[in-house]
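Engineer: Here are the chains, one letter per residue:
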Amino acid sequence: MHTQSIVLHLLRRLLMLIPLAIAVSLVVFLLASLIPGGPVAALLAGKATDTATIEAMKARLHLNEPLHMQYFYWISGVVRGDFGTSIFTGQPVTAAIGERIWITLVLNLAGVLLCLLAGGSLGIAAAVNRGSLFDRAIVAFSLFLSSAPPFVLAIAGLYFLAYKLGWFPLFGLGRGGPLTTAWHLVLPAIIVSISPLGFITKMVRAAMIDQLDQDYVTFARARGIPFRQVLFAHAFRNAMVPVLTAAGLLFVGLLTGTVFVETVFGIPGMGRLLVTAVQFNDFPVMQGVVLFVAAWIVLTNLVIDLLYTLVDPRVQFGRASR
Amino acid sequence: MQRGRLHDALSTVRSAGLAVAAIAGLALSAPAVAQDKELNWGVRDTPRALFAPYNYSGDVMIMSLIQDQLLTFGTGGELQPALATSWEATDPLTYVYTIRTDAVFSDGTPVTVDDVVYSLNLHLDPAVGSQEASLFGSVESVSGEGDKVTVKLKEPSSLWKYIPASIGGYIWQKSSVEKDTKNYGSPQNLPVGSGPYMVTEYVADSHVTLVRNPHYWGTAPQFDKITFTVLPDDQTRFLALQQGDIDGTFNVPNTALAQWGSVATLTNFPSYIWRGLTVDMEQAPFNDIHVRKALNYAIDKQALAAGLLGGLAVPSSTVNDPGIFVGTLPQAEIDAAYGKLLSFPYDLEKAKEEMAASSVPNGFATTLNVPEDSATISQIAQAIKQSWAAIGVDLTLNMMPGGPRFQIILDHEPNLGVQVIGNVPDAPDPVQMALQYFSSVQAVKNGNNSSNLKDPKIDEVLDNALKATDPAEAARLVLEAQVLASEQVPVVPLIWQKSVVALKQGWTMDDLQAFWNMSVWVNKLKTN
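Top line first, the protein sequences correspond to chains A and B.
Note that numbering that gives the first Met the number 0 has the first sequence beginning at 0, numbered continuously upward.
Note that numbering that gives the first Met the number 0 has the second sequence beginning at 0, numbered continuously upward.
Just chain A, with the same shape it has in the complex (with noise of 0.2 Å):
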């Protein structure tokens, strides 16, 4: 029963992606379609030229045709699986995508986790000595860290770390495959990781302060079970729901907001696949990257709600939750 509540959830919410995904990619499609002069301008860039050389390249990418057919066009293209072609590169838009997610993938869950692991730790620290003149200082630092500018934090760590201690490399992906790829990628999680910190302190010191006022800590605690196993295997297990909500809103909202490290470290991800998109009025790659992005949210809210389960079994769903 349970484990059947659980499926019909998630079929639930993958079926709820096709409206989504067109209600998402339409939205966009019509905004972008107000942005003067389209991609052909872009493209230009203040070259000089001639009406027939414009009207012949709104020909090629269908421009020149009414915005449902356009729309149409492109729609038709995704249910055969083709994305359409990138107008600033040439590229296949699900080639573009691929060549990328993998690296924001693996920056951003680098990323994620470390600043659970540090935001954690932290916060876990600080609930225990609430009050106390260590825990204001450690939600003080954690706050001043993350109110730094992604960029600053980036060309700071690039400069001190990177170029004057010289521990990690400068930029780029290397050229020396996974291991050093993954080198490359330490330091650029890093700083992905410092943003987010202060909320995720925050969260977990507030989390863990509940936990740690229940009855039954209390109960354990006087049953001479040690602090440290009470801490970790009891409080925070039970602290750890919203955490997985916070993780969860993070790994999303930084699947394109890492441009600013990805633009500081050369690294190509989908931040700057998107800002490109944007700034040319790539059509395509746009409709692809927000129709990817839509389907990750889904994706990992539902991976999230998995995980809920699995810390909380009282986490049911659908009928089963009433």
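No lab work stands behind these hints: they were computed from the structure.
Every value quoted in this text rests on a predicted model; they were computed, and no experiment measured them.
Hints may be right or wrong, so weigh each one.
Stated by the list, open to error - No more than 30 Å apart at the CA atoms, straight line, and that leaves these computed lysine-lysine pairs for DSS-like:
1) B:K497 x A:K46
2) B:K36 x A:K46
3) B:K160 x A:K46
4) A:K46 x B:K153
5) B:K444 x A:K46
6) B:K160 x A:K201
7) A:K57 x B:K181
8) B:K153 x B:K466
9) A:K46 x B:K151
10) B:K153 x B:K224
11) A:K57 x B:K497
12) A:K57 x B:K384
13) B:K523 x A:K46
14) B:K173 x A:K163
15) B:K444 x A:K201
16) B:K456 x A:K46
17) B:K503 x A:K57
18) B:K36 x B:K503
19) B:K151 x A:K57
20) B:K444 x B:K181
21) B:K160 x A:K57
22) B:K525 x A:K57
23) B:K173 x A:K57
24) B:K525 x A:K163
25) B:K181 x A:K46
26) A:K46 x B:K339
27) B:K384 x B:K160
28) B:K466 x A:K46
29) B:K497 x B:K525
30) B:K503 x A:K163
31) B:K36 x A:K163
Stated by the list, open to error - Chain A residues, not near chain B, derived (Cβ > 10 Å throughout):
32) V23
33) L172
34) I189
35) M202
36) L211
37) Y215
A virtual CB, placed ideally from N, CA and C, is assigned to each residue, including glycine.
Once you have looked at the hints, place chain B on chain A.
Structural biologist: Structure of chain B alone, referenced to chain A:
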């Protein structure tokens, strides 16, 4: 007996030792295995499709190393043979190019006349939608026979002779382009060329790697491998150069020349980039010549060039950099013509006098659209805003993405006001820029004459320049048109900007001139 065995043992050891020594000696004296000579070059912007019909941008610096052109530019802008060993204008409408027979594409297939004809016709085919089609506006047809390619023009054009050496002159392999035109030049469909290098790797937003084309017909280039690394952030590019991860870059921010100069060798060179403002002469109050003069007098162009751009610019007096005439006309003649241009040295008092004599003596308000992706233009706009405030002109700066801003110019609707322009000619032909900004033919939708300068006399002079077959005659006519235009003050010329290259210390780059990116520019590098 023991002595005999000892003797034998010693002999063996001695022989072995001699053998080892001999082998070691051979190993030490053997010539060292040659190391590949590599160039690592930093670029700010990710390359687009490496296929000129779909890419009318600065990526020509990469494409010129992969693709041959029909002709090439010499150091002084003169035309030189390339894939065409010779060329001849048999009449004002007909150009015949003799194609070399020893050129081979990097995949081993020979370059044929068919490939040349196909490549030029790409720009004439509306289905291709080439971004450079306007450069072929005067071409009627392209055909080939034997080892000759014939280009027929609709009308005489002084610009055409340069196009085969420009972005329009790249020669593509017909078979590979036809196989997949839509994705050609992308990371999934690497271009095939007959130039000195071939692409082995193209990772968008990351890098492009070139290695020597083993079949190249020309002099082998000095580098075995070139990697263009995409580094969008100026600080990262600076640190990469300082650390030696890149050997050089053309993308040096104007605002940080001193910083870059402390760690690298900076060399500036002419580029013929013109930056200025067009002023809509059909819109009040800009239709008042006193207003146009006042706007000119109020701007300290010398300070702009020296202060904002760190010596990388000189004040301009018209659209064409005088350097574009060098080689075609004597310097004295060029100087004399430029001396006749109506000039506006910075003079706030004169500016105020002109405003007082104008239809808007109390000043007026207007807007300037500024491309937000250009730090140089943003700085210039800020300076202009302050300058014009002193004469009562309230200028609002409207930061916009480059595409929509350029679309306003292309739409050419009434009341264009003031528009900021940054442009560079495609060839060492002064007719092109003069036509774009002073000819009434361009004062239309999709044209560049945002000043709406419509003068029949200027049109006649420019039309004659375009049809002139003698470059010197064309140049003289353009000089005349520039003087005539300056009398009407259709533009606010600001600067002619130079380009700069930053190289790791000890390296130099000589003979860099405008249109460097249309040549095998890497051969100009002198490494230590």
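Engineer: Taking the hints in turn, state whether each one holds.
Structural biologist: Now for the hints, and whether the structure bears them out:
1. For a cut-off of 30 Å, the pair hint linking K497 (chain B) to K46 (chain A) stands: about 18 Å separates their Cα positions.
2. For the hint pairing K36 (chain B) with K46 (chain A), the CA-to-CA distance comes to about 36 Å; that exceeds 30 Å, so the pair is violated.
3. Proposed proximity of K160 (chain B) and K46 (chain A) is supported: the alpha carbons are some 20 Å apart, at most 30 Å.
4. Under the criterion of a C-alpha separation no larger than 30 Å, the hint pairing K46 (chain A) with K153 (chain B) is consistent with the structure, at around 23 Å.
5. Only pairs whose Cα atoms come within 30 Å are accepted, and K444 (chain B) paired with K46 (chain A) is accepted, the gap being roughly 14 Å.
6. At roughly 70 Å between alpha-carbon atoms, K160 (chain B) and K201 (chain A) are farther apart than 30 Å, so this suggested pair is violated.
7. The hinted pair formed by K57 (chain A) and K181 (chain B) meets the criterion: a straight-line CA distance of about 14 Å does not exceed 30 Å.
8. Pair hint K153 (chain B) plus K466 (chain B) holds up; C-alpha atoms about 11 Å apart against a cutoff of 30 Å.
9. For the hint pairing K46 (chain A) with K151 (chain B), the CA-to-CA distance comes to about 25 Å; that is within 30 Å, so the pair holds.
10. As the CA atoms of K153 (chain B) and K224 (chain B) are separated by approximately 43 Å, the hinted pair breaks the 30 Å bound.
11. Taking the CA atoms of K57 (chain A) and K497 (chain B), the gap is about 34 Å. The hint is violated against a cut of 30 Å.
12. For the hint linking K57 (chain A) to K384 (chain B), the alpha-carbon distance of about 36 Å lies beyond 30 Å, and the restraint is violated.
13. Distance check on the hinted pair: K523 (chain B) and K46 (chain A) sit about 27 Å apart at the alpha-carbon level, within 30 Å; holds.
14. Distance hint between K173 (chain B) and K163 (chain A) is unfulfilled; the C-alpha atoms sit about 50 Å from each other, more than 30 Å.
15. A threshold of 30 Å between alpha carbons decides the hint, and for K444 (chain B) with K201 (chain A) the separation of about 58 Å lies outside it, so the pair is violated.
16. About 26 Å separates the Cα atoms of K456 (chain B) and K46 (chain A), which keeps this hinted pair within 30 Å; it holds.
17. The hinted pair formed by K503 (chain B) and K57 (chain A) fails the criterion: a straight-line CA distance of about 43 Å is larger than 30 Å.
18. Among the hinted pairs, K36 (chain B) with K503 (chain B) is consistent with the structure: their alpha-carbon atoms are about 15 Å apart, no more than 30 Å.
19. Using a Cα cut-off of 30 Å, the hinted pair K151 (chain B) and K57 (chain A) holds, with the two alpha carbons roughly 27 Å apart.
20. With a C-alpha separation of about 28 Å, the suggested pairing of K444 (chain B) with K181 (chain B) holds against the 30 Å cut-off.
21. With a C-alpha separation of about 28 Å, the suggested pairing of K160 (chain B) with K57 (chain A) holds against the 30 Å cut-off.
22. A distance of roughly 44 Å separates the Cα atoms of K525 (chain B) and K57 (chain A); the hinted pair therefore is violated under the 30 Å criterion.
23. For the given pair, K173 (chain B) sits about 24 Å from K57 (chain A) by alpha-carbon distance, which is consistent with the 30 Å threshold.
24. Of the supplied pair hints, the one linking K525 (chain B) and K163 (chain A) holds, its CA atoms being roughly 29 Å apart against a limit of 30 Å.
25. Simply put, K181 (chain B) and K46 (chain A) have alpha-carbon atoms about 22 Å apart, close enough for the 30 Å limit, and the pair holds.
26. At most 30 Å may separate the alpha-carbon atoms for a hinted pair to count; K46 (chain A) and K339 (chain B) meet this at roughly 29 Å.
27. For the proposed pair K384 (chain B) and K160 (chain B), the alpha carbon gap of about 42 Å is over 30 Å, so the pair is violated.
28. Distance restraint check for K466 (chain B) and K46 (chain A): the Cα-Cα separation of roughly 22 Å lies within the 30 Å cut-off, and the hinted pair is therefore satisfied.
29. Only pairs whose Cα atoms come within 30 Å are accepted, and K497 (chain B) paired with K525 (chain B) is accepted, the gap being roughly 21 Å.
30. As the CA atoms of K503 (chain B) and K163 (chain A) are separated by approximately 18 Å, the hinted pair is consistent with the 30 Å bound.
31. About 28 Å separates the Cα atoms of K36 (chain B) and K163 (chain A), which keeps this hinted pair within 30 Å; it holds.
32. Distance to chain B confirms V23 (chain A) as a non-interface residue, since its nearest Cβ pair spans about 22 Å, more than 10 Å.
33. Here L172 (chain A) does not stay apart from chain B, with its beta-carbon only about 7 Å from theirs, under the 10 Å limit.
34. Its beta-carbon lying about 16 Å from the closest one in chain B, I189 (chain A) satisfies the requirement of being farther than 10 Å from that chain.
35. In this structure M202 (chain A) is separated from chain B by more than 10 Å, as the shortest Cβ-Cβ distance comes to about 32 Å.
36. Its beta-carbon lying about 44 Å from the closest one in chain B, L211 (chain A) satisfies the requirement of being farther than 10 Å from that chain.
37. With a closest Cβ-Cβ approach of about 52 Å to chain B, Y215 (chain A) is found to remain outside the 10 Å limit, as its non-interface label requires.
Violated hints, in rising order: 2, 6, 10, 11, 12, 14, 15, 17, 22, 27 and 33; the structure is consistent with all others.
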